[in-house]
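Chemist: One letter stands for each residue in the lines below.
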Amino acid sequence: MVQVWTALFTIVLGIFAAVSWFWGANFCLDRLLPARTGDPVRNARNIHRAGLIRPWLFLGPAILALGLYLVYPVWESLFLSFHGKSGREFVGAANYRWLFADPGFRESIINNFLWLLVVPAASTFLGLLAAALTDRIAWGNLAKSLIFMPMAISFVGAAVIWKFVYDYRSGDDAQIGILNALVTWFGGDPQAWIALPFWNNFFLMAILVWIQTGFAMVILSAALRGIPEETIEAAVLDGANGIQIFFRIMVPQIWGTIAVVWTTITITVLKVFDIVLAMTNGQWKSNVLANLMFDWMFRGGGDFGRGAAIAIVIMALVTPIMIWNIRNARAEMEGR
Amino acid sequence: MKKLLAGTALFALLAGGAPAQDLKFAPGEDARFNWQSFTDFSEKYNLDGQSLTIFGPWRGEDQVLVESMLAYFTAATGVKVNYSSSENYEQQIVIDTQAGSPPDIAVLPQPGLIADLASKGLLAPLGDETTAWLRDNYAAGDSWVGLGTYKGKDGTPALYAFPYKIDVKSLVWYVPENFEDAGYEVPQTMEELKALTEQIVADGGTPWCIGLGSGGATGWPATDWVEDMMLRTQAPDVYDKWVTNELPFNDPAVVGAIDEFGWFARNDAFVDGGAAAVATTDFRDSPKGLFASPPKCYMHHQASFIPSFFPEGTKLGRDADFFYMPAYAGKDLGKPVLGAGTLAMITKDSEAARAFIEWLKTPIAHEVWMAQSGFLTPLKSVNVEAYGNDALKKQGEILLNATTFRFDGSDLMPGKIGAGAFWTGMVDYAGGKPAADVAAQIQKEWDAIK
Amino acid sequence: MANNPYRWAVHLSVVLFVVLWTLPTFGLFVTSFRDKDQIAVSGWWTALGSATRNDMFRAPAGEGEVEEGGRFTLTGSVFAGAGGHVKAFGISSKAPDAFAAGESADLGDGESLTVAQDGTFTLAGPESFKDRRGQRIFFTATTPPAFTLDNYRAVLFAEGLGRSFLNSATVAIPSTVIPILIAAFAAYALSWMQFPGRALLVAAIVGLLVVPLQMSLIPLLRIYNAAGQALGFDPKSYIGIWLAHTGFGLPLAIYLLRNYMVGLPKEIMESARVDGATDFQIFTRIVLPLSFPALASFAIFQFLWTWNDLLVALVFLGPQDDKLVLTGRLVNLLGSRGGDWEILAASAFVSIAVPILVFFALQKYLVRGLLAGSVK
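Chains as they are written, first to last, in the working numbering: chain G, 1 to 336; chain A, 1 to 450; chain X, 1 to 376.
Any given hint could be a false lead.
Unchecked claim - Once the Cα atoms are required to be at most 30 Å apart in a straight line, the calculated DSS-like pairs of lysine-lysine come out as:
id, chain 1, residue 1, chain 2, residue 2
1, G, Lys-271, G, Lys-285
2, X, Lys-364, A, Lys-393
3, G, Lys-271, A, Lys-444
4, A, Lys-394, X, Lys-364
5, A, Lys-394, X, Lys-87
6, A, Lys-393, G, Lys-85
7, A, Lys-24, A, Lys-120
8, X, Lys-94, A, Lys-315
9, A, Lys-153, G, Lys-85
What the hints assert, rightly or not - Stretches of chain X that chain A covers, calculated by requiring three or more beta carbons in the stretch to come under 8 Å of a beta carbon on chain A:
id, segment
10, 30–43
11, 52–65
12, 91–100
13, 313–322
14, 325–336
Simulated from the structure, these hints should not be mistaken for lab results. In this text the structure is predicted, and so the values were computed from the model without any measurement. Where a beta carbon is used, it is the ideal one built from N, C-alpha and C, also for glycine.
Please construct the entire structure, taking both the sequences and the accompanying hints into account.
Modeler: Have a look at this one:
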């Protein structure tokens with residue numbers, strides 16, 4: 001029972017601390033630079049000054065946390081990537097030279113590009129489809145929860161689930177993987193799906209699409225609900241059918257959210273490694289960058305220099321998405 | 001949220017408090033145990049109030065076993081022991097030692113990883129006295145000293161790890177009654193084993209179940225095969241040179257051993273499911289073929305842990321048994337045995353940690369685990385009568401009769417090779433890539449990390 | 001939108017979608033109720049109907065035998081408890097279906113074995129069956145579906161599960177609420193406040209989304225340890241893991257929330273500002289309530305990640321028994337070699353229960369269409 005109370009107490013304490021900071025900081029700012037002093041000049045000056053400070057009050061905790069938990073490790077990685085195995089001796093660009101000559105790296109980066117092409121597109125499209133369809137039917141909420149379920153299952157669980165899909169037994173034995181059972185039922189030959197070079201990439205991608213569709217669906221469904229009813233009603237009055245309304249009226253209005261979902265899944269793909277690790281560990285030519293990095297970081301004591309170099313490459317790959325987002329943000333600001 | 005918290009409270013009530021760990025065998029009662037060593041140790045050490053954190057690879061049932069042994073250490077010294085493990089213990093230990101919050105004692109099965117930790121100066125040397133003790137008290141003591149000795153941060157070799165608990169790997173599992181039904185005899189030589197393999201095929205059966213699948217570690221069962229074949233085709237010193245890469249991986253001796261494995265695994269008629277199934281069949285599912293009706297295979301090569309994946313209720317000795325993976329009669333290489341094991345090391349020095357290493361030198365620390373299951377020891381002073389079952393005793397005999405004992409080579413190699421390139425290479429080999437190409441590829445990756 | 005074929009098409013597509021998406025999970029669900037030895041030899045779908053399977057039963061070694069006139073007979077059923085129909089049986093692994101049900105098999109030495117269709121076997125012979133290996137009886141039988149709760153029993157009554165459940169809740173709840181609070185303020189600033197470097201900051205947050213978690217662990221734990229040593233606290237504490245989850249979850253939280261807040265109608269903010277509301281008031285009274293769907297959807301995801309996380313918990317909280325989270329406890333049940341499918345299956349469903357409850361609880365906020373209503 002003590003554990004329950006300690007847990008409850010710590011939970012309340014943690015949340016209280018976070019709330020009190022925001023409230024307290026704003027209260028102090030309003031006290032120090034009051035907007036209603038009776039002196040109009042001072043009022044204006046105070047409002048202006050508070051306006052300069054307040055964004056940073058709002059952003060403060062976020063910047064602090066991001067700086068410590070993400071920016072600092074990135075610096076550390078950058079530093080490590082120019083150092084040797086144990087992270088002590090400086091080796092210049094040796095890790096990067098090694099990386100670009102390594103066939104394992106080339107294989108991983110090609111596979112990663114395949115993943116980047118397929119998974120975000122497929123997940124976003126299917127998620128949008130699921131969101132649009134389930135919004136129209138009475139049992140939509142139930143359907144949503146079922147499609148969402150893969151997202152909620154722990155990773156260990158997901159790996160077993162797909163073992164029972166892709167498992168391979170030779171022709172005469174009873175199949176225990178449902179995919180091969182279906183193939184043999186239709187008269188085909190069973191295949192060792194995850195051991196087929198090149199194609200196995202797609203079987204692994206299917207797992208991530210299966211998981212991420214739920215994510216896309218939830219976010220896009222919230223966005224679809226946000227579309228003002230009037231625009232749709234107007235289209236209905238104009239005699240548009242469901243599909244026309246969806247593509248011409250609804251999709252353009254949630255274009256921003258689609259882009260966000262796409263970006264997020266793209267980044268998830270760059271980081272994906274547990275699926276590959278659990279299903280093939282990159283064997284049968286199915287390696288991806290994040291798994292390669294994990295391998296160099298931790299296996300048998302690891303080589304932090306090379307692991308960090310791969311991490312830097314992964315982070316560099318996101319640059320185009322960053323640039324695109326800067327331009328978007330600028331456009332928004334100008335439009336205001 | 002309210003509902004959720006109510007749920008947690010209910011769970012807490014269900015779980016209740018864990019009872020204090022009792023001693024499995026009451027001290028002084030069972031004459032098989034060396035209780036003298038227990039009382040001596042307990043008189044020598046009084047460390048009440050101190051505590052010790054141990055991080056090891058044992059989980060599930062194994063965790064219950066190790067904790068039953070640790071209870072005696074606590075009873076003898078008063079040290080409160082906190083044992084823990086995790087699925088990715090390898091990663092966990094790297095992170096914890098690097099970041100400066102290691103456990104007091106780490107127990108690891110991979111010498112390759114230990115070598116890395118030692119070279120970074122993260123382990124405390126165990127001292128010359130322990131080196132001498134191992135040499136004198138462990139059977140084939142020198143090879144154990146060699147296994148525990150690594151180069152430190154300054155490059156001087158010293159004993160950093162204490163071998164405790166070993167597994168025998170050179171075992172072939174079979175169902176005795178299936179052999180009787182078909183009239184087969186347990187082969188005594190590799191020639192006989194190969195003849196039996198062909199005989200079974202001639203009789204319309206399938207001799208072997210081989211599965212290399214293991215999720216992220218797919219391929220490792222094949223490395224055991226290759227190491228066993230290496231010891232049966234080459235002298236032990238060739239094996240030693242191979243694991244340190246003095247002998248390149250693509251040397252004909254190694255390629256030959258790989259092809260010896262291929263003789264069994266790459267023949268569609270010899271393996272259940274055909275050669276194509278070898279790489280993808282999970283090693284945990286693979287032995288189940290022995291017990292199918294009619295049997296899917298007659299033999300399965302695997303280490304001593306595998307009975308935990310046999311069907312429920314399987315009784316060793318009656319429903320399943322094992323024989324020593326025989327050696328070639330035509331090659332004068334004696335009876336080599338391949339094994340693996342775990343080594344304990346001090347990751348944070350303290351009085352209690354030192355006492356724990358001393359504890360591992362007492363016979364009682366070995367006997368209480370021996371008397372249960374899954375534990376073999378090279379300690380000469382233990383009473384072999386204490387082995388909990390016949391299977392263990394028989395494995396103990398295989399160990400004693402060994403003319404050569406060698407540690408699992410893939411564990412001795414650097415992690416990138418022994419737990420990486422070697423696995424991948426074996427998967428490629430099982431998929432049909434020629435042995436020479438596979439070996440050359442592994443050597444290339446070995447060169448890349450030098 | 002009311003025409004019938006169209007509605008049918010929608011219903012059918014959703015049905016197809018749901019079936020495709022749940023089939024793999026359903027397979028695991030069925031597996032979690034199956035007998036350990038069946039899982040690796042037959043597909044989970046075979047468990048749903050009666051199936052023909054080949055099996056082996058070992059007769060007891062003499063227990064329950066009856067002696068009558070110098071002849072010993074031993075009877076029993078090859079189906080231990082369950083029912084079924086025997087088609088054929090055998091006495092050797094070489095010919096497991098040599099005899100049809102009801103026939104008598106000669107075992108030599110005057111011994112015989114009969115297995116009836118209902119599974120009753122009769123072993124008879126001139127000598128006692130004691131002190132021998134029990135006779136192996138191979139049989140081919142059709143058995144009805146059989147399910148077991150043993151797997152769940154093994155998982156639910158594992159020692160320390162309750163405590164781990166609590167630990168997971170202690171980790172996950174603040175790790176969900178704190179980042180949402182911090183991110184909501186930051187997202188508001190990034191979407192509705194004017195200050196230099198705003199676009200750059202947004203881009204930096206997108207860039208930080210991609211930082212691989214594994215890279216951060218060692219440097220961060222090092223800081224924790226150094227701080228813990230200097231200030232004399234335990235570096236592996238709940239506060240430490242909350243902050244870690246907060247840091248790792250923030251980029252996505254800010255990115256998603258900012259995207260949502262940017263889309264809120266400008267007119268509302270402007271009219272509020274004209275009425276003399278401060279930014280803090282606009283945020284707490286207008287933006288926050290309007291952003292509820294976005295907050296709820298992020299809360300769901302963040303909760304899932306922290307609940308299902310194992311790596312961060314092991315590194316920042318530790319694997320000790322009193323701090324082990326649920327995922328860690330379930331994984332440790334699997335044993336050193338990590339693989340009993342039946343335990344894996346059952347534990348996957350034990351750990352999914354809470355995230356699904358959270359999803360159901362928050363789902364109503366996702367679909368309420370707060371914004372659509374308030375714009376008018």
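Chemist: Could you work out which earlier hints the structure fails to respect and list their numbers in ascending sequence?
Modeler: Of the numbered hints, 2, 4, 5, 6, 7 do not hold.
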